[in-house]
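Undergrad: Those protein sequences? They're chains H and P, same order as listed. Oh and the first sequence: position 175 is 175 in our numbering, straight run, nothing missing. Just add 264 to the spot in the second sequence (first one is 1) and you have our numbering.
Calculated from the structure, these hints are not laboratory results. We put the CB at the ideal spot given by N, CA and C, even for glycine. Treat each hint with caution, since some may be false.
Stated by the list, open to error - Pairs of lysine to any residue, SDA-like flavour, derived with a Cα cap of 20 Å: (1) H:K47 with P:E278; (2) H:K40 with P:A295; (3) H:K47 with P:L323; (4) P:K290 with H:D220; (5) H:K74 with P:E310; (6) P:K289 with P:L306; (7) H:K40 with P:L306; (8) P:K279 with H:Q39; (9) H:K47 with P:E310; (10) H:K50 with P:L306; (11) H:K4 with H:K264; (12) H:K264 with H:D102; (13) H:K47 with P:C288; (14) P:K314 with H:R234; (15) H:K50 with P:S287; (16) H:K47 with P:S276; (17) H:K74 with H:N28; (18) P:K266 with P:A313; (19) H:K264 with H:N210; (20) P:K294 with H:Q39.
What the hints assert, rightly or not - Here are a few chain H residues that face chain P, going by a calculated C-beta distance under 8 Å: (21) V46; (22) I49; (23) I57; (24) V59; (25) K71; (26) A79; (27) R94; (28) E104; (29) K107; (30) V108; (31) A138; (32) G187; (33) R189; (34) D220.
What the hints assert, rightly or not - Ranges of calculated distance between the beta carbons of each label pair, as one might list FRET restraints: (35) P:G305 with H:I188: 53 to 63 Å; (36) P:K279 with H:L214: 39 to 49 Å; (37) H:N210 with P:K266: 44 to 54 Å; (38) P:G309 with H:G5: 20 to 30 Å; (39) H:V38 with P:N271: 45 to 55 Å; (40) H:T207 with P:K266: 40 to 50 Å.
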Amino acid sequence: MDIKGSVAIITGSGNGIGEAVAKYFVRNGAKVVIVDMVQKNIDRVVKDIKDMGGEVIGVQANVSSEAETAKFIKAAIDAFGQINIVVSSAGIIRDGMMLNLDKETGKVSRKMGLDKWQPVIDVNLTGTFLTIRDGAEAMVNGGWPGLLVAISSVNKVGQVGQLNYSSAKVADALLPKIVIGEFLMRGIRNIRCVGIAPGYTATPMLTGMNQDALKSILADVHLNRLVEPDEVARLIGHCVENEAINATTLEITGGLCYPNGIAK
Amino acid sequence: MKSFTYNDMEFSVEKAQDRWDISCKKADGKAALVAAGLFAGLAEGEAEAKAKALVRTMLPVGVRSVGPDVAHPALIGDMKLVGPDVTHPNFIYWDKDSSSFPR
């Protein structure tokens, strides 16, 4: 499938990986729908893309709401007449241990509440499900060939302090296999689905963190630097163009290893 | 350039080469781009109509209504049930039920 002439919806494209993916698609001739929760980020990216000479609309939406996903799907069709690529990049973190113990008594002093669990599941898993589901519905009903992309994470292996995030991301990593299995059963042969699992990526969240902590993270990365958002975007672009990539989740980590040298 | 007001917001549809940009004036008076490079080759009137439809989709106003059933014979006491004004220009009528929670 060609990127040029395609219509792409990218959730969470107000910054980070999603923004890089949107701009990569525009540079390669696609029309894009910017979806984000933060209006000022949408405004900035839409203006950037206009300055690049691209075709773009910006839609503020919460991906965990059925009405909102329906809204940006319909907006994409109203504006561009079709949908070919859907990248579910919206994601949040609310890190914390499941249990915290009191140092003196050894008893549980605090536990992860639903205030940290539920939003992460809602955005990272339910949001991905709704985005992929409604994107696929539009593609099937419109007869448009397409690619569905779920953004997982290398932390799908099970990151301490991210029970909520890792649980969602391991489900996101599995999603392409189930979706494509169902498409095969239903005779849907012109829509593919892949997952992308980035490692530590140079998004504002990481580049702005404590530099000593960042150095400690990089010690486990064979490449000895963060993955650039544009490198993730190029991998997704390759997935669009290489139709043999399907029903799988690809990692792009720069060689992230456990401290004892075993690659994650 | 064409302008229209929707849900107390001012929108303008402006030609950029052979395409159309849609801008919105924010509450602080600053303009922000809503969309760029759309409706290639369309005349101003058609572009304006499409822009209005797109803005209604992107910024829906109103509620998804599954009731009240004002024709139901059993009223609740003296309470008068008043249905939503579906003819209001800003009302978006959601005529499709959720597939997850069908009636």
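Undergrad: Evaluate each hint against the coordinates.
TA: Status of each hint after checking the structure:
1. Straight-line distance between C-alpha atoms of H:K47 and P:E278 comes to about 14 Å, which keeps the hinted pair within the 20 Å bound.
2. For the hint pairing H:K40 with P:A295, the CA-to-CA distance comes to about 12 Å; that is within 20 Å, so the pair holds.
3. For the given pair, H:K47 sits about 19 Å from P:L323 by alpha-carbon distance, which is consistent with the 20 Å threshold.
4. Under the criterion of a C-alpha separation no larger than 20 Å, the hint pairing P:K290 with H:D220 is inconsistent with the structure, at around 46 Å.
5. Among the hinted pairs, H:K74 with P:E310 is consistent with the structure: their alpha-carbon atoms are about 19 Å apart, no more than 20 Å.
6. Proposed proximity of P:K289 and P:L306 is contradicted: the alpha carbons are some 23 Å apart, above 20 Å.
7. Pair hint H:K40 plus P:L306 does not hold up; C-alpha atoms about 29 Å apart against a cutoff of 20 Å.
8. At most 20 Å may separate the alpha-carbon atoms for a hinted pair to count; P:K279 and H:Q39 exceed this at roughly 24 Å.
9. The suggested pairing of H:K47 with P:E310 is violated, with an alpha-carbon distance near 24 Å, which exceeds 20 Å.
10. This hinted pair checks out: H:K50 and P:L306 have alpha carbons roughly 19 Å apart, not beyond 20 Å.
11. Distance restraint check for H:K4 and H:K264: the Cα-Cα separation of roughly 35 Å exceeds the 20 Å cut-off, and the hinted pair is therefore not satisfied.
12. Under the criterion of a C-alpha separation no larger than 20 Å, the hint pairing H:K264 with H:D102 is inconsistent with the structure, at around 32 Å.
13. About 13 Å separates the Cα atoms of H:K47 and P:C288, which keeps this hinted pair within 20 Å; it holds.
14. Annotation: proposed proximity of P:K314 to H:R234 is violated, straight-line Cα distance about 33 Å (limit 20 Å).
15. Restraint check for H:K50 and P:S287: the C-alpha separation of about 12 Å stays at or below 20 Å, so the hint holds.
16. With a CA separation close to 15 Å, the supplied pair H:K47 and P:S276 stays within the 20 Å bound.
17. Among the hinted pairs, H:K74 with H:N28 is inconsistent with the structure: their alpha-carbon atoms are about 24 Å apart, more than 20 Å.
18. A C-alpha spacing of about 10 Å is found between P:K266 and P:A313, which places the hinted pair at or below 20 Å, so the restraint holds.
19. For the given pair, H:K264 sits about 23 Å from H:N210 by alpha-carbon distance, which is inconsistent with the 20 Å threshold.
20. Between the alpha carbons of P:K294 and H:Q39 the distance comes to roughly 13 Å, so the proposed pair stays at or under 20 Å and holds.
21. A least Cβ separation of about 5 Å between H:V46 and chain P falls short of the 8 Å threshold, and the interface hint therefore holds.
22. The beta carbon of H:I49 comes within 7 Å of a beta carbon in chain P, closer than 8 Å, and the hint placing it at the interface holds.
23. Checking H:I57 against chain P: minimum C-beta separation of about 4 Å stays under 8 Å; hint holds.
24. For H:V59, the shortest C-beta to C-beta distance to chain P is roughly 5 Å, which falls under 8 Å, so the interface hint holds.
25. Evaluation of the H:K71 hint against chain P yields a held restraint, the C-beta minimum of about 6 Å falling below 8 Å.
26. Hint on H:A79 holds. Least Cβ distance to chain P is approximately 6 Å, under the 8 Å limit.
27. At its closest, the beta carbon of H:R94 sits 25 Å from a beta carbon of chain P; the interface hint therefore is violated under the 8 Å criterion.
28. For H:E104, the interface hint is violated, the least distance from its beta-carbon to any beta-carbon of chain P being 48 Å, above 8 Å.
29. A least Cβ separation of about 41 Å between H:K107 and chain P goes past the 8 Å threshold, and the interface hint is therefore violated.
30. With its C-beta approaching chain P no nearer than about 36 Å, H:V108 sits outside the 8 Å limit, and its interface hint is violated.
31. Violation of the interface hint for H:A138 is found here, the shortest Cβ-Cβ separation to chain P being roughly 13 Å, above the 8 Å cut-off.
32. For H:G187, the interface hint is violated, the least distance from its beta-carbon to any beta-carbon of chain P being 20 Å, above 8 Å.
33. Taking 8 Å as the C-beta cut-off, the interface hint given for H:R189 is violated, the closest approach to chain P being about 23 Å.
34. Taking 8 Å as the C-beta cut-off, the interface hint given for H:D220 is violated, the closest approach to chain P being about 41 Å.
35. A C-beta distance of roughly 33 Å is found between P:G305 and H:I188, which places it outside the suggested range of 53 to 63 Å.
36. Hint check: P:K279 to H:L214, Cβ distance near 47 Å, so the stated range 39 to 49 Å holds.
37. Roughly 51 Å separates the CB atoms of H:N210 and P:K266, a value that falls within the hinted 44 to 54 Å.
38. A beta carbon spacing of about 27 Å between P:G309 and H:G5 agrees with the range 20 to 30 Å that was offered as a hint.
39. Checked against the hint of 45 to 55 Å, the pair H:V38 and P:N271 fails, with Cβ atoms roughly 20 Å apart.
40. Against the hinted window of 40 to 50 Å, the Cβ-Cβ separation of H:T207 and P:K266 comes to about 42 Å, which satisfies the hint.
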